[in-house]
Amino acid sequence: MRQIRFCPACGHIPIVKIEEELLQKHQGILIGTVGCSVPLCSDMEGVDAISSAHGRGLSVATSVKRVLGKDKMVLVHAGDGDGLTIGIGEFVHTCLRNEKIIYVLINNQQFGMTGHQMSALTPLEITTKTSYPRKEEYHGIPVHVGKLVRALNPKVKYYRTTSATKEGINNFRKYLEEAINNDGFSVIEVVSPCPTFWGNAKKAYEYSKDYFNSLEEEHICNCKGK
Amino acid sequence: MTKKLLQGNIAAAESALANGLEFGAFYPITPSSETMEHLVIKMHPLKAICSFSELETINLLYGAGATGVRNMTATSGCGFSLMREGLSYMVGANVPSVIYLVMRFSPGLGGLTPSNEDISIVWGVGGHGQSKCPVFTPSTVQEIADCIRWSFDVADTLRMPVIVAVDAVLGQMYELCEIKKSEFTITNKDWAIGANRNNVISSRRTVGSYQSYDDEQIKQIKHVLEREQNMQYVCKTLCEYQYHYNENKDGIYITGIGTTGRVVQEVAEQKGYGYIVPIILNPMYKINGVKKLYVVEVGGTQLRDIMSANYRDAEIVSIVYENAIPNEEDLIRRIV
Numbered sequence: 001m002r003q004i005r006f007c008p009a010c011g012h013i014p015i016v017k018i019e020e021e022l023l024q025k026h027q028g029i030l031i032g033t034v035g036c037s038v039p040l041c042s043d044m045e046g047v048d049a050i051s052s053a054h055g056r057g058l059s060v061a062t063s064v065k066r067v068l069g070k071d072k073m074v075l076v077h078a079g080d081g082d083g084l085t086i087g088i089g090e091f092v093h094t095c096l097r098n099e100k101i102i103y104v105l106i107n108n109q110q111f112g113m114t115g116h117q118m119s120a121l122t123p124l125e126i127t128t129k130t131s132y133p134r135k136e137e138y139h140g141i142p143v144h145v146g147k148l149v150r151a152l153n154p155k156v157k158y159y160r161t162t163s164a165t166k167e168g169i170n171n172f173r174k175y176l177e178e179a180i181n182n183d184g185f186s187v188i189e190v191v192s193p194c195p196t197f198w199g200n201a202k203k204a205y206e207y208s209k210d211y212f213n214s215l216e217e218e219h220i221c222n223c224k225g226k
Numbered sequence: 001m002t003k004k005l006l007q008g009n010i011a012a013a014e015s016a017l018a019n020g021l022e023f024g025a026f027y028p029i030t031p032s033s034e035t036m037e038h039l040v041i042k043m044h045p046l047k048a049i050c051s052f053s054e055l056e057t058i059n060l061l062y063g064a065g066a067t068g069v070r071n072m073t074a075t076s077g078c079g080f081s082l083m084r085e086g087l088s089y090m091v092g093a094n095v096p097s098v099i100y101l102v103m104r105f106s107p108g109l110g111g112l113t114p115s116n117e118d119i120s121i122v123w124g125v126g127g128h129g130q131s132k133c134p135v136f137t138p139s140t141v142q143e144i145a146d147c148i149r150w151s152f153d154v155a156d157t158l159r160m161p162v163i164v165a166v167d168a169v170l171g172q173m174y175e176l177c178e179i180k181k182s183e184f185t186i187t188n189k190d191w192a193i194g195a196n197r198n199n200v201i202s203s204r205r206t207v208g209s210y211q212s213y214d215d216e217q218i219k220q221i222k223h224v225l226e227r228e229q230n231m232q233y234v235c236k237t238l239c240e241y242q243y244h245y246n247e248n249k250d251g252i253y254i255t256g257i258g259t260t261g262r263v264v265q266e267v268a269e270q271k272g273y274g275y276i277v278p279i280i281l282n283p284m285y286k287i288n289g290v291k292k293l294y295v296v297e298v299g300g301t302q303l304r305d306i307m308s309a310n311y312r313d314a315e316i317v318s319i320v321y322e323n324a325i326p327n328e329e330d331l332i333r334r335i336v
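From first to last, the protein sequence lines stand for chains B and P. Taken in order, the first sequence gives residues 1 to 226; the numbers are from the numbering used here. Taken in order, the second sequence gives residues 1 to 336; the numbers are from the numbering used here.
Incorrect hints may have been included.
Said to hold, decoys possible - Not close to chain P: a few residues of chain B, all C-beta gaps over 12 Å, as computed:
| id | residue |
| --- | --- |
| 1 | GLY46 |
| 2 | SER59 |
| 3 | ALA61 |
| 4 | GLU90 |
| 5 | HIS116 |
| 6 | HIS139 |
| 7 | GLY140 |
| 8 | PRO154 |
| 9 | THR196 |
Claimed, not checked - Under the rule of at most 30 Å between Cα atoms (straight-line distance), these lysine-lysine pairs were calculated in the DSSO-like manner:
| id | chain 1 | residue 1 | chain 2 | residue 2 |
| --- | --- | --- | --- | --- |
| 10 | B | LYS72 | P | LYS189 |
| 11 | B | LYS174 | B | LYS147 |
| 12 | P | LYS47 | B | LYS25 |
| 13 | B | LYS157 | B | LYS129 |
| 14 | B | LYS155 | P | LYS47 |
| 15 | B | LYS25 | P | LYS292 |
| 16 | B | LYS129 | B | LYS147 |
| 17 | P | LYS292 | P | LYS236 |
| 18 | P | LYS249 | P | LYS292 |
| 19 | B | LYS70 | B | LYS174 |
| 20 | B | LYS70 | P | LYS236 |
| 21 | B | LYS72 | P | LYS47 |
| 22 | P | LYS292 | B | LYS72 |
| 23 | P | LYS47 | B | LYS157 |
| 24 | B | LYS70 | P | LYS47 |
| 25 | B | LYS70 | P | LYS180 |
Note that these hints are calculated values from the structure, not bench results. Idealized CB from N, CA, C, for every residue including glycine.
Given only the sequences and the hints, what does the whole structure look like? Please build it.
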């Protein structure tokens with residue numbers, strides 16, 4: 001990395017370092033999107049990159065993949081606001097087409113860059129600057145990425161991990177290496193702590209671990225966020 | 001090459017294929033769908049994508065353009081509105097593309113009748129920010145084919161999207177047309193991604209306290225400004241003609257674009273006036289000695305605004321037809 005422009009203790013940091021290593025190794029192409037990771041394209045060293053519009057990373061990746069061929073590794077790095085809020089149309093159609101793209105979805109359950117607003121993945125009963133708190137009757141239920149992918153196309157490979165634990169980070173590397181060899185679309189959801197907006201680093205990491213565990217059962221998080 | 005009887009939209013598709021089109025993305029929209037239908041049959045299914053929206057279409061072109069291949073879409077006014085964000089990104093990131101825009105009537109859903117009502121947005125700025133693109137406004141089917149050919153060359157040279165805007169009559173009209181192949185090629189695309197040159201395609205500018213400009217960014221911003229100045233020179237060099245023009249000693253001219261431009265030429269000859277029919281709307285090639293300019297257009301007063309900006313000393317008379325291409329007799333009556 002030329003420089004790291006995330007907040008201190010951000011859950012993105014270990015993830016982007018692993019991505020950079022594997023992109024360099026496989027001479028892959030990074031498709032950056034809009035969100036906390038917006039400086040990523042210019043900060044990663046030795047990687048071809050395209051910085052795309054908000055929510056449109058998968059569209060850009062689709063054409064890059066089709067022009068450059070099946071063997072080229074194409075990785076889209078997006079957040080939950082980008083990928084599943086504004087970009088859910090792109091996500092749905094890429095799942096249906098099963099394009100050979102790796103999609104790293106950093107899920108911090110909010111719009112981080114714009115300052116802690118509710119996203120489509122913000123759990124119920126969680127307070128953000130635009131939900132006091134999130135209620136089903138006002139804001140609808142949050143997206144469950146795993147269930148959505150399974151419903152859309154069972155052929156799509158879906159992985160879930162967290163950058164809040166060492167084990168989760170190791171799993172991310174394992175999943176990403178596996179995804180490079182997959183034939184179709186691979187979605188890696190990474191539950192990522194946001195120390196800036198979930199209180200402090202300790203609270204954010206605890207909250208992310210609880211949230212990650214709650215995803216196994218159902219998408220209603222009872223953990224104590226900010 | 002022999003001349004073939006081709007529809008305007010199909011001539012656009014054929015000309016694109018003859019000039020190295022490698023990637024297309026489309027969403028069906030009347031009155032431009034024939035271009036999509038033709039290219040989807042002629043191209044490999046992986047390289048001609050039927051996208052799920054115009055938002056996806058323009059971003060597919062962004063990705064394809066970033067790899068350096070020639071790419072194109074066909075759309076109409078409603079679709080173009082959705083594409084403007086992506087278009088702005090492409091201008092900012094210096095990605096070439098060709099957008100074939102078949103204009104239809106009225107804002108919103110409007111109607112399917114022909115009009116010139118999108119020229120103001122394509123002439124002013126393509127998308128948000130300083131994103132002016134070259135704009136071609138052909139007036140015959142042959143000119144559609146020619147403009148598509150030139151637009152690929154201009155897009156590759158300037159590294160930016162180019163818009164070819166025609167009205168619905170011209171898109172649907174059949175005329176004899178010769179598809180020509182451009183002799184101009186740019187083979188050195190070392191800015192493109194995909195060959196591990198560590199290139200970054202981005203429209204992002206970091207500003208203010210977050211990070212001060214570095215040399216590379218200043219160079220990039222300068223490039224955007226210089227490109228606008230270069231546009232005039234490049235379009236003049238690469239395009240065989242920039243307008244149809246007939247001189248008038250009194251300085252009285254009639255102007256119109258597309259199908260209206262053809263009517264204007266006939267009427268001007270009968271009235272003994274000069275005419276200006278721009279084939280390249282942006283950058284505008286100005287004619288000297290214009291004292292009075294009748295601006296004939298369909299739908300709104302957009303061409304009047306463009307001509308007022310370019311011919312500030314001339315007296316501008318606006319003649320607007322609500323929703324139909326003017327006929328000669330009526331236009332002669334209205335030009336006093």
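Which hints from the list above does the structure break, by number from lowest to highest? 1, 2, 3, 4, 13, 15, 20, 22, 25
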